[in-house]
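Make a model of the complete structure from these sequences and hints.
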Amino acid sequence: MCRRLSLDVEKFQECTRLAVCQSLLFLPGRCSWISLPVMALAPPSPQFVLRGSQSAVNTLHFSCRSKAHSPPLLFSGSLGGLIHVWNLETRRVDTTLDGHAGQSVYWVKTLEGQHLLLSQGRDLKLCLWDLAEGRNAPVDSLSLDSVGFCKGSVLTEGTQGCWLLAVPGKDMDEVQVLDMPSKTSVCTLKPEAGAKVGMPMCLELWKPASSSGPLLLAGYEDGSVILWDVSERSVLSRLACHEEPVMSLDFDSGRARGVSGSSEKVLCVWSLDEQQNLKVCRTQELTNPGIADVAIRPDGKILATAGWDHRIRLFGWKQLKPLAVLDYHSAAVHCVAFSDPGRPGEQLLAGGSKDQRISVWSVYNQT
Amino acid sequence: MDSELSEVRHTVQEALHTLSSSKDGVQISEALRSVRIYLSEMKNPVLPREREEFSKIYFSTFLRCLVSKLSPDWLDLLPAGQLEELWDSFFLEGPADQAFLVLMESITVTVGLSYRLMKMAQVLSRFLKMGRLAELMWEMCQQQVPRGSSLLQETLLSKVVCLPDHLSNQMKEQSPSLFFPQNYFPLLGEEMIQVLQRISDSLRGGSDCSICFLSQILAKVCIHGRQKEILGVLVPHLTELTQADCIWQRLSWRLVESVPDRGIEAVVSGLIQEAPGARVLSRLLGNLVMKNKKAQFVVTQKCLLLQYRYSTEVLQNLLGYLALDSYRRTLLLQVLKDLLETWGSSSAVKHSPVEQQLYVSKAILICLSHLKESEIDHIREELLTAMMGGVQCHIESSLPQVRHVGMIVAETISSRIHSEGPHLKFQYEENKLTRELLSLVNLKPDDASPPASGSPVVPAPAVQPACLSPEGKAHQEEKDKGSDSDLDSDDEFVPYDMSRDKELKNTKAPVYIRDCLEALTSSEDVERWEVTLQVLESLIKRNPAATKEVSTELAKVLLHLEEKTCMEGFEMLRQRALVAVTVTDPVQVAQYLTSQFYAMNYSLRQRMDILDVLVLAAQELSSPRSLEKAKIPGRPEPSVQLLPAPLTPSLNIVPSDGWRRVVEERIKNKTRRFAKGSSRSSTANGPNKFNSVVGYFFFPLIERFDRPLVTFDLLGEDSLVLGRLVHTVGILMYFAINTTAAVPMGKALLEFVWTLRFHTDAYVRQGLLYSISSILWSVPAERLLGDLTDELLETRSWLAAVAENDPDEDCRKLAMQALLLMEKLKDKFQIGSS
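Here the protein sequences come in this chain order: V and Y.
UniProt numbering numbers the first residue of the first sequence as 1 and each following residue consecutively.
UniProt numbering numbers the first residue of the second sequence as 1 and each following residue consecutively.
Some clues are possibly wrong.
[To be verified] Restraint-style ranges between C-beta atoms, simulated for each label pair:
(1) Y:Arg-514 with V:Arg-92: 53 to 63 angstroms
(2) V:Arg-135 with Y:Arg-514: 49 to 59 angstroms
(3) Y:Glu-568 with V:Ala-40: 12 to 22 angstroms
(4) Y:Glu-568 with V:Arg-135: 49 to 59 angstroms
(5) Y:Asp-338 with V:Leu-41: 27 to 37 angstroms
(6) Y:Asn-669 with V:Arg-135: 53 to 63 angstroms
(7) V:Ala-40 with Y:Pro-544: 47 to 57 angstroms
(8) V:Arg-92 with Y:Lys-668: 37 to 47 angstroms
Hints were generated in silico from the structure; no laboratory data involved.
Idealized CB from N, CA, C, for every residue including glycine.
This is how it looks when you write it as structure tokens:
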């Protein structure tokens with residue numbers, strides 16, 4: 001008898017619940033159907049977050065592929081003029097480098113392993129650091145003439161210790177290419193007088209397998225991307241792919257395809273054909289305007305963008321299929337970087353933001 | 001001549017004598033054979049006149065005698081069943097009507113199971129299997145003077161139709177399956193087709209036949225409720241036969257026309273249901289409705305207005321039948337007018353069950369789809385008037401189904417009246433009901449009748465193009481890809497949920513409650529206003545103290561808030577904010593809200609919002625654990641959890657609890673446990689916060705319902721709000737379980753219910769019944785039986801009446817439920833006292 005009663009009790013509760021639901025949801029004159037979204041994978045969370053740069057993070061650079069004993073490092077340049085060297089095992093700052101007199105650092109890059117570091121700052125200086133054996137002072141510096149925000153680009157030549165450096169030049173629309181470390185100017189690339197391309201905004205030096213001379217991709221203020229032949233000092237192709245200044249570009253030399261982002265809502269993918277002509281192959285509309293940085297993962301599978309809308313977006317690089325929106329930062333993301341290709345499953349993505357944090361993500365690593 | 005006659009008589013008498021006296025098998029068989037001569041037509045040693053005499057005068061007597069002799073010993077007088085064979089042959093070869101009558105008679109008079117009964121049943125089943133029934137009916141059809149032999153005809157009729165009943169009465173479980181109605185009537189149908197075939201042959205041969213007997217059989221079977229069985233056989237055959245043959249068509253018309261009046265309803269309604277389409281129905285029935293008043297009444301009144309049990313296909317059959325012939329179209333117009341009159345009568349809307357209203361509406365829609373432009377021209381004015389009246393009383397109804405039906409019918413009528421130019425357009429949500437109705441509207445009359453082979457009408461599936469389109473899209477995409485030089489795809493990566501990727505708003509959300517107040521009341525900045533509304537709920541929950549300072553003010557602002565922009569989820573956000581305020585400061589806000597419910601100058605919408613908010617707040621207050629559960633999956637704040645991950649960037653290290661889980665899983669699978677109680681989720685405990693405030697929610701609401709304001713008359717036309725109010729107090733009662741206020745609340749609510757119990761609106765009655773259930777549920781049993789006995793008894797009789805007589809099905813169900821609950825209460829009390 002007791003069991004029967006309790007069963008009935010349950011049944012009644014069920015009924016009442018139903019009645020309550022009905023009276024709340026299906027009352028006449030009310031269209032409050034709650035539509036549940038189709039369940040997709042919940043967006044991922046960062047693997048960890050690096051705090052302590054104490055000012056907005058402008059640039060990031062991984063250095064993981066190194067000798068067995070040294071830990072993977074992440075270099076970050078901040079608005080406050082400091083360069084932080086993060087140890088990714090302890091997730092702490094190993095070293096803080098101060099060489100730009102408190103002026104914003106907007107490009108860092110290592111050369112030849114982890115010990116040689118190049119940094120570019122708003123104090124119009126490009127510093128070269130040797131970090132071996134705990135040193136933390138610049139060994140060399142190069143003064144620049146451009147006051148813009150254009151990051152430099154480096155191409156390591158075959159010969160040991162020699163590399164090419166491209167930096168914005170003295171004139172407004174100039175790009176200077178230097179042979180380092182001798183600092184001798186190789187050439188100055190200046191568009192013809194009537195081109196009116198404005199300042200260079202981003203540079204990418206690379207050397208195709210086929211041709212002998214290095215090439216330079218430069219994004220300009222007027223929204224166009226120009227392909228330079230460095231040795232010939234000539235424009236190979238010019239593509240006007242944006243309405244607004246090109247903020248960032250990256251190039252996948254394996255597929256001969258590159259991507260550029262501007263302050264608009266559009267991401268533009270272009271390709272380079274055999275005749276060295278650039279042409280647009282597709283554009284991708286975004287929800288919010290403003291892309292500060294783009295990066296293609298070294299394995300050529302994922303494209304990441306740093307958005308002014310506080311979000312990092314991931315796309316499949318082959319078809320530009322939107323994959324994820326990483327929503328962690330509370331201010332504009334300034335830079336994204338992928339770690340060097342290690343074993344599959346170890347490729348990290350880092351995003352540096354105006355909110356002074358660096359988020360480190362491990363996504364799409366399962367292969 | 002006399003000598004010849006006497007010779008027959010002599011032979012028969014001799015045989016009878018031998019049968020009664022002799023014990024010798026050979027002698028008996030010889031006697032039987034001598035009589036059998038008169039049956040067989042082959043050798044023909046006897047004159048036809050003699051045969052006729054025998055069959056008319058002596059046959060049945062002789063058969064009765066044979067039956068009386070029947071016993072196992074008697075049949076064994078000759079070896080190898082010779083005698084039995086001989087015995088059977090008299091029944092199987094003689095005139096079918098007499099043989100059948102004798103068989104039936106002897107079966108019905110036999111008392112109890114016996115050898116004889118079994119033998120008779122066996123012979124009867126052989127009789128049926130040999131198609132003797134067709135013979136019997138054919139004989140009756142050939143008799144040109146049905147009036148004279150009406151007694152015989154009547155007897156045969158009842159025996160033929162009631163055969164399954166007689167047999168099962170006599171034989172109980174032993175009855176062979178052939179005599180089951182589901183087997184017998186299809187057989188009868190087959191036999192009837194045989195007879196009809198013979199009749200059609202003989203008509204072609206130029207001789208006359210009467211079909212009357214068949215019609216009577218058909219009528220009687222249908223009256224006995226076996227339409228499905230017999231028509232299930234007859235209709236497909238007739239459908240095929242009447243397709244190209246006008247004699248068969250005439251035959252079928254005559255068959256239905258000569259059905260006696262009392263059977264016409266059963267036959268016609270059976271045919272309407274069984275016919276596979278309007279065209280077939282028209283071939284089978286002909287213009288019966290124009291000739292037969294009774295049939296006309298059945299088709300135009302009874303099936304449409306008095307009953308509502310048929311499916312939509314049947315309705316389509318029926319109305320399609322009316323539309324197929326120009327004579328019958330006048331009836332169609334008349335039917336439409338009658339239907340519209342019912343549809344538009346406010347009393348019918350109020351008092352008839354929803355199902356019937358739906359049925360009538362469907363019929364109207366089908367009618368309209370059959371009408372031509374020219375016909376509509378004639379009745380345009382009438383249609384308009386009917387629509388105007390009807391749509392008003394439908395929209396006034398508090399049942400959503402009725403409203404939807406009214407809207408759709410009105411839309412259809414208006415679009416038919418003015419084929420060009422603006423017509424009515426209502427907003428209703430799409431659901432099963434509306435889709436079904438709309439599919440009827442779009443049905444072309446020509447589609448309504450499928451080909452003769454056809455299955456019942458199925459509305460053309462509108463899904464198909466929708467199914468195709470994604471494929472088409474995929475195809476398109478493939479084309480796009482084809483143009484791309486890069487053929488490989490990104491399919492190896494599964495995208496994450498990107499639904500939160502919304503446009504970024506620049507405005508900062510307010511951080512203080514008072515800022516919210518200011519933003520909501522005075523802000524011209526639309527974005528700020530929207531952001532405020534979005535964060536308000538969480539803000540209130542985070543700052544209860546600050547909220548309490550301004551709770552009433554905030555509730556007031558929210559209650560009067562109007563949607564300034566087309567904002568997604570505005571209603572929900574506002575409601576949730578209001579609920580949060582109410583939960584934070586229940587006493588003040590509940591007092592305010594309940595007082596505003598009866599205040600002037602509120603719209604019905606606002607008053608119903610008040611009720612919703614009170615219910616939701618009560619729910620939240622009464623169950624602490626529901627705080628988590630009740631959260632409606634809206635849009636949660638973007639939250640980030642840092643994963644507990646190893647300290648290195650390498651992810652290859654197996655997470656330590658991963659293997660543990662795997663091992664535990666394996667152990668669990670391999671371990672057999674003997675006592676395995678169902679795992680119980682631990683329920684959250686805590687004081688019922690609703691206890692101290694329930695009165696503020698409940699009592700003010702039921703205080704003033706009977707005092708009409710200028711703009712708000714609960715007992716008058718605003719019965720929708722009354723229904724909501726009743727539901728609300730019922731739900732509040734339910735949430736008041738285990739509170740001290742439950743007993744006075746129950747008492748007050750019982751009185752409240754009592755005053756409203758005869759309300760005409762079904763929705764209000766549903767609420768009342770629900771309230772009763774919650775009273776029975778929430779008020780402790782001993783108090784209920786101790787303090788409220790009289791009220792309870794009165795309520796019980798009312799519930800019983802509702803459960804029996806209420807036109808609304810939901811009401812009946814709810815009343816049943818309440819009655820059951822009362823029974824349980826009684827049981828419980830008895831257990832408690834004993």
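Between Asp-338 (chain Y) and Leu-41 (chain V), does the beta-carbon spacing fit 27 to 37 angstroms? Violated: the Cβ-Cβ distance is about 59 angstroms, outside 27 to 37 angstroms.
C-beta pair Glu-568 (chain Y), Ala-40 (chain V): status relative to the range 12 to 22 angstroms that was hinted: Taking Cβ atoms as reference, Glu-568 (chain Y) and Ala-40 (chain V) lie about 19 angstroms apart, which means the hint holds.
Verdict for Arg-514 (chain Y), Arg-92 (chain V) (Cβ pair) under range 53 to 63 angstroms: violated (43 angstroms)
That 47 to 57 angstroms hint for Ala-40 (chain V) and Pro-544 (chain Y) (C-beta), does it hold up? violated (36 angstroms)
Regarding Arg-135 (chain V) and Arg-514 (chain Y), is the given constraint of 49 to 59 angstroms on their beta-carbon distance met? Taking Cβ atoms as reference, Arg-135 (chain V) and Arg-514 (chain Y) lie about 57 angstroms apart, which means the hint holds.
Arg-135 (chain V) and Glu-568 (chain Y) - C-beta distance against the hinted 49 to 59 angstroms: Holds, since Glu-568 (chain Y) and Arg-135 (chain V) (Cβ atoms, about 57 angstroms apart) stay within the stated range.
Within 37 to 47 angstroms or not, the Cβ separation of Arg-92 (chain V) and Lys-668 (chain Y)? holds (41 angstroms)
With 53 to 63 angstroms as the target window, see if Asn-669 (chain Y) and Arg-135 (chain V) comply at their CB atoms. About 59 angstroms separates the Cβ atoms of Asn-669 (chain Y) and Arg-135 (chain V), which means 53 to 63 angstroms holds.
Of the hints listed earlier, those the structure fails to meet are numbers 1, 5 and 7, in rising order.
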